[in-house]
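Assemble chains B and C onto chain A, guided by the hints.
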Amino acid sequence: MSDHHHDHDAPLPDTVLRVKALESLLTEKGLVDPAALDVLIDTYETRVGPRNGAKVVARAWVDDAYKKRLLEDATAAIAEFGFQGRQSEHMVVLENTAKVHNMVVCTLCSCYPWAVLGLPPVWYKSSPYRARAVIDPRGVLEEFGVALDEEVEIRVWDSTAEIRYLVLPQRPGGTEGMDEEALADLVTRDSMIGVGLAGSPGGV
Amino acid sequence: MNGAHDLGGMHGLGAIDPEFDEPVFHEEWERRCFAITLAAGFLGKWNIDMSRYARERMHPADYLGTSYYEHWLHGLQTLLVEQGILTEEEIAARMLELTGEQDT
Amino acid sequence: MKPLKAADVEHALQHSRGARVNEDVAAKFRVGDRVLTRNINPIGHTRLPRYARARHGTIACDYGVFIFPDTHAVGEGMKPQHLYSVRFTAQELWGADASARDSVYLDLWDDYLDPA
Numbered sequence: 000m001s002d003h004h005h006d007h008d009a010p011l012p013d014t015v016l017r018v019k020a021l022e023s024l025l026t027e028k029g030l031v032d033p034a035a036l037d038v039l040i041d042t043y044e045t046r047v048g049p050r051n052g053a054k055v056v057a058r059a060w061v062d063d064a065y066k067k068r069l070l071e072d073a074t075a076a077i078a079e080f081g082f083q084g085r086q087s088e089h090m091v092v093l094e095n096t097a098k099v100h101n102m103v104v105c106t107l108c109s110c111y112p113w114a115v116l117g118l119p120p121v122w123y124k125s126s127p128y129r130a131r132a133v134i135d136p137r138g139v140l141e142e143f144g145v146a147l148d149e150e151v152e153i154r155v156w157d158s159t160a161e162i163r164y165l166v167l168p169q170r171p172g173g174t175e176g177m178d179e180e181a182l183a184d185l186v187t188r189d190s191m192i193g194v195g196l197a198g199s200p201g202g203v
Numbered sequence: 000m001n002g003a004h005d006l007g008g009m010h011g012l013g014a015i016d017p018e019f020d021e022p023v024f025h026e027e028w029e030r031r032c033f034a035i036t037l038a039a040g041f042l043g044k045w046n047i048d049m050s051r052y053a054r055e056r057m058h059p060a061d062y063l064g065t066s067y068y069e070h071w072l073h074g075l076q077t078l079l080v081e082q083g084i085l086t087e088e089e090i091a092a093r094m095l096e097l098t099g100e101q102d103t
Numbered sequence: 000m001k002p003l004k005a006a007d008v009e010h011a012l013q014h015s016r017g018a019r020v021n022e023d024v025a026a027k028f029r030v031g032d033r034v035l036t037r038n039i040n041p042i043g044h045t046r047l048p049r050y051a052r053a054r055h056g057t058i059a060c061d062y063g064v065f066i067f068p069d070t071h072a073v074g075e076g077m078k079p080q081h082l083y084s085v086r087f088t089a090q091e092l093w094g095a096d097a098s099a100r101d102s103v104y105l106d107l108w109d110d111y112l113d114p115a
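Residue numbers (numbering that gives the first Met the number 0), protein chains in the order written: chain A, 0 to 203; chain B, 0 to 103; chain C, 0 to 115.
The shape of chain A in the complex, shown without the other chains (with noise of 0.2 Å):
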């Protein structure tokens, strides 16, 4: 596709101003310490990102009480990784099965599971993403490639409280003799948003 309209593309002139100048404000006034900034940019930058979540699912494929634990009180499962906190506050894990495939949005702001994702994507927080998955959800898995069989019931899970939704996606087949750490490999952000599905061994 040659247009590309991803709203990065031109930040305007008055944006760039505007944020140095609320920055520099409230350095001024010693409502903002520079170096907190720095940490808050560096932890979600390079430390909170998608590997979390895909640890917790991997550990839920090969470990039954974990993962009962995990759907019966994920905020508590996913804690024991030390994974909590900002936007993960009260989290809720839903299973993807051969009949079931869930997918998750917030129509009216980005709401989106820190802790275990990072921040979300561009798409996720975008227009389109957020009219659609609602009211098409079956057209937007195609767009991101998963075609589901009809019979499959999709359940699309629009995010409008403090819960924060991750989606366990499905074990590939062919993974049967790998462990943890290699099935974490495996698993894609965009799998547990409920927009993806886990890779297959060799093929990600």
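Mixed in with the good hints there might be a few duds.
As the list claims (entries may be wrong) - Per label pair, the in silico range of CB-to-CB distance:
| no. | chain 1 | residue 1 | chain 2 | residue 2 | range |
| --- | --- | --- | --- | --- | --- |
| 1 | C | G43 | B | I84 | 16 to 24 Å |
| 2 | C | V30 | A | D63 | 23 to 31 Å |
| 3 | A | V151 | B | E81 | 46 to 54 Å |
| 4 | A | G173 | C | V24 | 43 to 51 Å |
| 5 | B | A92 | A | V151 | 56 to 64 Å |
| 6 | C | L35 | A | K98 | 22 to 30 Å |
| 7 | A | G173 | C | A99 | 28 to 36 Å |
| 8 | A | G144 | C | A99 | 23 to 31 Å |
| 9 | A | G176 | C | L35 | 48 to 56 Å |
| 10 | A | Q169 | C | H14 | 28 to 36 Å |
| 11 | C | V30 | A | T96 | 15 to 23 Å |
| 12 | A | G176 | C | V73 | 52 to 60 Å |
| 13 | C | A53 | A | D63 | 40 to 48 Å |
| 14 | A | K98 | C | I42 | 38 to 46 Å |
Said to hold, decoys possible - In silico DSS-like links for lysine-lysine, alpha-carbon gap of 27 Å or less:
| no. | chain 1 | residue 1 | chain 2 | residue 2 |
| --- | --- | --- | --- | --- |
| 15 | A | K28 | C | K4 |
| 16 | A | K98 | A | K54 |
| 17 | B | K44 | A | K124 |
| 18 | A | K28 | B | K44 |
| 19 | A | K54 | A | K67 |
| 20 | C | K78 | B | K44 |
| 21 | A | K28 | C | K1 |
Said to hold, decoys possible - Which residues of chain B face chain C? A few of them, derived with a C-beta cut under 10 Å, are:
| no. | residue |
| --- | --- |
| 22 | N1 |
| 23 | G7 |
| 24 | A38 |
| 25 | N46 |
| 26 | D48 |
Since the hints were made in silico from the structure, they are not lab data.
Quick caveat: nothing in here was measured; it's all calculated off a predicted structure.
Using N, Cα and C, we set each Cβ at its ideal position, and we do this for glycine too.
Just chains B and C now, with coordinates in the frame of chain A:
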């Protein structure tokens, strides 16, 4: 409110167009906007519901024509001004100063 | 007002309090109950999207007592009440042309719901 943020079911917005191997932030101003928004939130002068309400009060044409972190920026400025932490005038004056710096 | 210090960032992020309220508030509905969402159009903040107003759904899960955003956003208090996952069929939301199999789940508070 029946604002532009209430997008569920809207038609005509086009393809979703995901970016392959997308970075967490695309521009430096997005990094700064993200961090000052979180840091300012910790001042305890507003809650998450007030933050969302401040973002969704953007004019619908502006909301649909701008990106996520521009929504955040609008919301942050709205809250800072409403809470009496900064004034519109000092923000405008600082932006003007910064424009001067950029030109030289 | 004190600024967040670099050394406190990790703790502050990890120990975010969330929106659950430890208060004993009676639930208006139980899992399996049929509900009708209210047709509200407030000028203020709400988390009941337009597409799900005046629609029939079923209580799928009771998440417990949470802060009510409509009041909390405008300085009118937390108004703690039960938050539910409510299931709506795609056809109830979008009409007969929608899939008969699919559904949309929204998280909705007692104040958005009436018995159906």
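**Message:** Checking one constraint from the list: CA of K44/B to CA of K124/A, max 27 Å. Satisfied?
**Reply:** holds (26 Å)
### CB-CB spacing for A99/C and G144/A relative to the 23 to 31 Å hint
holds (25 Å)
Taking the CB of V30/C and the CB of D63/A, does the distance hold inside 23 to 31 Å?
-> Holds, since V30/C and D63/A (Cβ atoms, about 25 Å apart) stay within the stated range.
Pair hint K54/A and K67/A, alpha-carbon separation not exceeding 27 Å: holds (16 Å)
query = Should the hint that K98/A and I42/C are 38 to 46 Å apart at their CB atoms be regarded as holding?
reply = Cβ of K98/A to Cβ of I42/C: about 43 Å, so the range 38 to 46 Å holds.
When you take the CB atoms of G176/A and V73/C, is the distance between them in 52 to 60 Å? At 57 Å between Cβs, range holds.
- prompt: Close enough to count: is the Cβ of D48/B nearer than 10 Å to one in chain C?
  reply: holds (4 Å)
K28/A and K1/C were given as a pair; does the straight-line alpha-carbon distance stay at or below 27 Å?
holds (11 Å)
query: Within 28 to 36 Å or not, the Cβ separation of G173/A and A99/C?
result: With Cβ atoms ~33 Å apart, the hint holds.
**Prompt:** Does the interface hint hold: is N46/B within less than 10 Å of chain C, judged Cβ to Cβ?
**Reply:** holds (6 Å)
Practice prompt. Against chain C, run the beta carbon of N1/B and see if the smallest gap drops under 10 Å.
Written response: holds (6 Å)
- Message: Holds or violated: K28/A and K4/C, Cα atoms, limit 27 Å.
- Response: holds (14 Å)
Every hint, counting from the list given before, is met by this structure.
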